[in-house]
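> Spelled out, the chains give:
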Amino acid sequence: MTTYYTKSHEWIRLDGEEATVGITAHASEELGELVFVEAKDEGTDVAAGDAAAVVESVKAASDIYAPVAGVLSGFNTKLSDEPTLVGNDPEGEGWIFKMKVSNPDDVTSLLTAEQYKSL
Amino acid sequence: MTDSLQRTPLHALNLELGAKMVPFAGYEMPLQYPAGLMAEHLHTRSKAGLFDVSHMGQIRISARSGDVRDAALALESLIPADYAGLAKGRQRYGFLTNDAAGILDDLMVANMGDDLFVVVNASCKEQDAGLIEAALSNRCVVTRQFDRALMALQGPQAQEALAPLCRAAVDMRFMDVIETELAGVPVTLSRSGYTGEDGYEIGCAAADAETVARALLAQPQVLPIGLGARDSLRLEAGLCLYGNDIDTTTTPIEASLAWAIQKARREGGSREGGYPGAEIVLRQAREGVSRKRVGLMAEGRAPVRAGAKLFADAEGQKEIGVVTSGAFGPTVQAPVAMGYVATDYAGNDTALFAELRGKFVPVHIRAMPFVAPGFKR
Numbered sequence: 001m002t003t004y005y006t007k008s009h010e011w012i013r014l015d016g017e018e019a020t021v022g023i024t025a026h027a028s029e030e031l032g033e034l035v036f037v038e039a040k041d042e043g044t045d046v047a048a049g050d051a052a053a054v055v056e057s058v059k060a061a062s063d064i065y066a067p068v069a070g071v072l073s074g075f076n077t078k079l080s081d082e083p084t085l086v087g088n089d090p091e092g093e094g095w096i097f098k099m100k101v102s103n104p105d106d107v108t109s110l111l112t113a114e115q116y117k118s119l
Numbered sequence: 001m002t003d004s005l006q007r008t009p010l011h012a013l014n015l016e017l018g019a020k021m022v023p024f025a026g027y028e029m030p031l032q033y034p035a036g037l038m039a040e041h042l043h044t045r046s047k048a049g050l051f052d053v054s055h056m057g058q059i060r061i062s063a064r065s066g067d068v069r070d071a072a073l074a075l076e077s078l079i080p081a082d083y084a085g086l087a088k089g090r091q092r093y094g095f096l097t098n099d100a101a102g103i104l105d106d107l108m109v110a111n112m113g114d115d116l117f118v119v120v121n122a123s124c125k126e127q128d129a130g131l132i133e134a135a136l137s138n139r140c141v142v143t144r145q146f147d148r149a150l151m152a153l154q155g156p157q158a159q160e161a162l163a164p165l166c167r168a169a170v171d172m173r174f175m176d177v178i179e180t181e182l183a184g185v186p187v188t189l190s191r192s193g194y195t196g197e198d199g200y201e202i203g204c205a206a207a208d209a210e211t212v213a214r215a216l217l218a219q220p221q222v223l224p225i226g227l228g229a230r231d232s233l234r235l236e237a238g239l240c241l242y243g244n245d246i247d248t249t250t251t252p253i254e255a256s257l258a259w260a261i262q263k264a265r266r267e268g269g270s271r272e273g274g275y276p277g278a279e280i281v282l283r284q285a286r287e288g289v290s291r292k293r294v295g296l297m298a299e300g301r302a303p304v305r306a307g308a309k310l311f312a313d314a315e316g317q318k319e320i321g322v323v324t325s326g327a328f329g330p331t332v333q334a335p336v337a338m339g340y341v342a343t344d345y346a347g348n349d350t351a352l353f354a355e356l357r358g359k360f361v362p363v364h365i366r367a368m369p370f371v372a373p374g375f376k377r
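So the protein sequences, as listed, match chains C and Z.
Under UniProt numbering, the first residue of the first sequence carries the number 1, and numbering increases by one thereafter.
Under UniProt numbering, the first residue of the second sequence carries the number 1, and numbering increases by one thereafter.
Bear in mind the hints are in silico, worked out from the structure with no lab data behind them.
As the structure is a computational prediction, the values presented were derived from the model and not from experiment.
Every residue, glycine too, gets a C-beta built ideally from N, C-alpha and C.
Any given hint might turn out to be false.
No more than 25 Å apart at the CA atoms, straight line, and that leaves these computed lysine to any residue pairs for SDA-like [stated by the list, open to error]:
#, chain 1, residue 1, chain 2, residue 2
1, C, Lys98, Z, Gly300
2, C, Lys7, Z, Gly300
3, C, Lys98, Z, Arg301
4, C, Lys78, Z, Ala39
5, Z, Lys309, Z, Leu239
6, C, Lys100, C, Ser118
7, Z, Lys359, C, Ser62
8, Z, Lys359, C, Lys7
9, C, Lys40, Z, Arg301
10, Z, Lys359, C, Ser80
11, C, Lys40, Z, Asn121
12, Z, Lys359, C, Phe75
13, Z, Lys20, C, Asn88
14, Z, Lys309, C, Lys100
15, Z, Lys20, C, Phe36
16, C, Lys7, Z, Met21
17, C, Lys40, Z, Pro362
18, C, Lys78, Z, Val22
19, Z, Lys309, C, Val54
Label-pair ranges, simulated between beta-carbon atoms [what the hints assert, rightly or not]:
#, chain 1, residue 1, chain 2, residue 2, range
20, C, Glu93, Z, Gly358, 24 to 34 Å
21, Z, Ala314, C, Ala51, 22 to 32 Å
22, C, Glu114, Z, Glu160, 49 to 59 Å
23, Z, Gly184, C, Ala51, 53 to 63 Å
24, Z, Arg7, C, Ala60, 23 to 33 Å
25, C, Thr112, Z, Ala367, 49 to 59 Å
26, Z, Gly358, C, Thr77, 18 to 28 Å
27, Z, Gly300, C, Asp50, 20 to 30 Å
28, Z, Gly26, C, Glu17, 47 to 57 Å
29, C, Ala60, Z, Glu181, 54 to 64 Å
30, C, Thr112, Z, Glu160, 26 to 36 Å
31, Z, Glu126, C, Glu93, 46 to 56 Å
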């Protein structure tokens, strides 16, 4: 499975029609230790660039955007009790939400790992 | 960052320490160091943290008569605190008011024996110095010392960290102020701060700032702490941030700061009133106000932040206040906030609701500070 990236520092990994979304290690470092993570309800329709979740550090709240259009299909409930999981493993155990994407091909218009790194 | 931003005397050291610098009140200031906000906050509560707060304004006021009491009486024409009754070597909180009893700035004033030593907020320092000069210049000489450095050493191990460098620090009590030497450098040292912990604030010449900072950072208890943790520490301590929790639209009584107006300046006191907006403050103290600044804690873990509206009901029908500061409290391990609510809802433990991303989160009015103070009285 290929991971794609956004300019707003999300990553998305597609498995068939369902994708997993989180924030990049770079974003996590910038935000600092998280104290709260919450996604919009399952079933919420999102367009590419819509706020789908929020992560909060002590000082600030930051929206996490849907990289492509789709329907939210799950939240990493482990983060409710352990928001620091995002910082510890941002692109693995610290994933934030899942979504059914409207058009799987949409992800190919996002950034590749190499393109993201060169930002 | 633009060239128009000013730098503190500790700028080079801040960069060397790996600080993330941000613009604040016209200065390039350290938001956090590599340890990060959370670790810095907790370190300050358990050991000792060093803060660069050189952006704040230091002002000296001496009376033309030579008697510091005359300077104190003159300053009382702008501030509703008892400074004429402030003993030599002691410091006291206060605020400048306008004719509408709004708060122009909050500050610390110390009686240094020969003159007054005043510390004001960075964003207000030009305004404050101008105001004080205009009102006092016939009776006093007002000296801006905006080029001086100011550091804060805060935390339960602050005394232990400072003692090897400055023996005199050990015998000071909360709100004492002395002129002394620290690591061989002349400093103005107060036992006070903005974190709710025991600690000191250290004023010195810009050229000596790095010597002092390096000597303190060499102590095993001390880590550098940024403005991010300074904000969460002061919020847990229930202390106001000028511009957020108090400003020209809030009066001292609405802001629950009546404690900072000593008996001599209250109704029936020997120097009752006599400052801008005094009639309003005296009336509000007598008759009450329609809104009050209170502490708030939200249920769950989601921080309720500045600007969040407060409601009496879970449906968001009856708006009764607003949050002015809010964050996740690293020591409390819960969301903490302060804000203004209609007086009918200002009682401790009153259940309210804060609007958060379109939902209404249960919050309760709670007594401040949210953490037990560590002052050495």
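> Now tell me if each hint is right for this structure.
To see whether the hints hold, each was checked on the structure:
For the given pair, lysine 98 (chain C) sits about 23 Å from glycine 300 (chain Z) by alpha-carbon distance, which is consistent with the 25 Å threshold. About 31 Å separates the Cα atoms of lysine 7 (chain C) and glycine 300 (chain Z), which puts this hinted pair outside 25 Å; it is violated. For the hint linking lysine 98 (chain C) to arginine 301 (chain Z), the alpha-carbon distance of about 22 Å falls within 25 Å, and the restraint holds. About 22 Å separates the Cα atoms of lysine 78 (chain C) and alanine 39 (chain Z), which keeps this hinted pair within 25 Å; it holds.
Distance hint between lysine 309 (chain Z) and leucine 239 (chain Z) is fulfilled; the C-alpha atoms sit about 21 Å from each other, no more than 25 Å. Distance restraint check for lysine 100 (chain C) and serine 118 (chain C): the Cα-Cα separation of roughly 29 Å exceeds the 25 Å cut-off, and the hinted pair is therefore not satisfied. A hinted pair counts as satisfied when its Cα atoms are at most 25 Å apart, and lysine 359 (chain Z) with serine 62 (chain C) qualifies at roughly 17 Å. Restraint check: the Cα-Cα separation between lysine 359 (chain Z) and lysine 7 (chain C) comes to about 29 Å, which exceeds 25 Å; the hinted pair is violated.
The suggested pairing of lysine 40 (chain C) with arginine 301 (chain Z) holds, with an alpha-carbon distance near 16 Å, which does not exceed 25 Å. With a C-alpha separation of about 17 Å, the suggested pair lysine 359 (chain Z) and serine 80 (chain C) falls inside the 25 Å cut-off, and the hint holds. Pair hint lysine 40 (chain C) plus asparagine 121 (chain Z) does not hold up; C-alpha atoms about 40 Å apart against a cutoff of 25 Å. Proximity of lysine 359 (chain Z) to phenylalanine 75 (chain C) is assessed by CA-CA distance (about 18 Å); at most 25 Å being required, the pair is judged to hold.
At most 25 Å may separate the alpha-carbon atoms for a hinted pair to count; lysine 20 (chain Z) and asparagine 88 (chain C) meet this at roughly 21 Å. The hinted pair formed by lysine 309 (chain Z) and lysine 100 (chain C) fails the criterion: a straight-line CA distance of about 34 Å is larger than 25 Å. Simply put, lysine 20 (chain Z) and phenylalanine 36 (chain C) have alpha-carbon atoms about 23 Å apart, close enough for the 25 Å limit, and the pair holds. Between lysine 7 (chain C) and methionine 21 (chain Z), the direct Cα distance comes to roughly 23 Å. Compliance with the 25 Å bound is thereby established for this hinted pair.
For the hint linking lysine 40 (chain C) to proline 362 (chain Z), the alpha-carbon distance of about 19 Å falls within 25 Å, and the restraint holds. Proposed proximity of lysine 78 (chain C) and valine 22 (chain Z) is contradicted: the alpha carbons are some 33 Å apart, above 25 Å. Taking the CA atoms of lysine 309 (chain Z) and valine 54 (chain C), the gap is near 19 Å; set against the 25 Å cutoff, the hint holds. Hint check: glutamate 93 (chain C) to glycine 358 (chain Z), Cβ distance near 29 Å, so the stated range 24 to 34 Å holds.
Judged by the Cβ atoms, the range 22 to 32 Å given for alanine 314 (chain Z) and alanine 51 (chain C) holds: they are separated by roughly 24 Å. Take glutamate 114 (chain C) and glutamate 160 (chain Z): their Cβ atoms lie about 51 Å apart, and the range 49 to 59 Å holds. In this structure, glycine 184 (chain Z) and alanine 51 (chain C) meet the distance hint of 53 to 63 Å, their C-beta atoms being roughly 55 Å apart. One distance hint, 23 to 33 Å for the beta-carbon pair arginine 7 (chain Z) and alanine 60 (chain C), holds here, with the actual separation near 25 Å.
At about 54 Å, the CB distance of threonine 112 (chain C) to alanine 367 (chain Z) agrees with the hint of 49 to 59 Å. Here the CB-CB span from glycine 358 (chain Z) to threonine 77 (chain C) is close to 21 Å, well matched to the stated 18 to 28 Å. Between glycine 300 (chain Z) and aspartate 50 (chain C) the beta carbons are some 24 Å apart, a value that agrees with the proposed interval 20 to 30 Å. Hint check: glycine 26 (chain Z) to glutamate 17 (chain C), Cβ distance near 52 Å, so the stated range 47 to 57 Å holds.
Under the hint 54 to 64 Å, the C-beta atoms of alanine 60 (chain C) and glutamate 181 (chain Z), about 41 Å apart, miss the expected range. A hinted range of 26 to 36 Å is violated for the C-beta pair threonine 112 (chain C) and glutamate 160 (chain Z), which are about 53 Å apart. Range check, glutamate 126 (chain Z) to glutamate 93 (chain C): Cβ separation about 51 Å, and the 46 to 56 Å hint holds.
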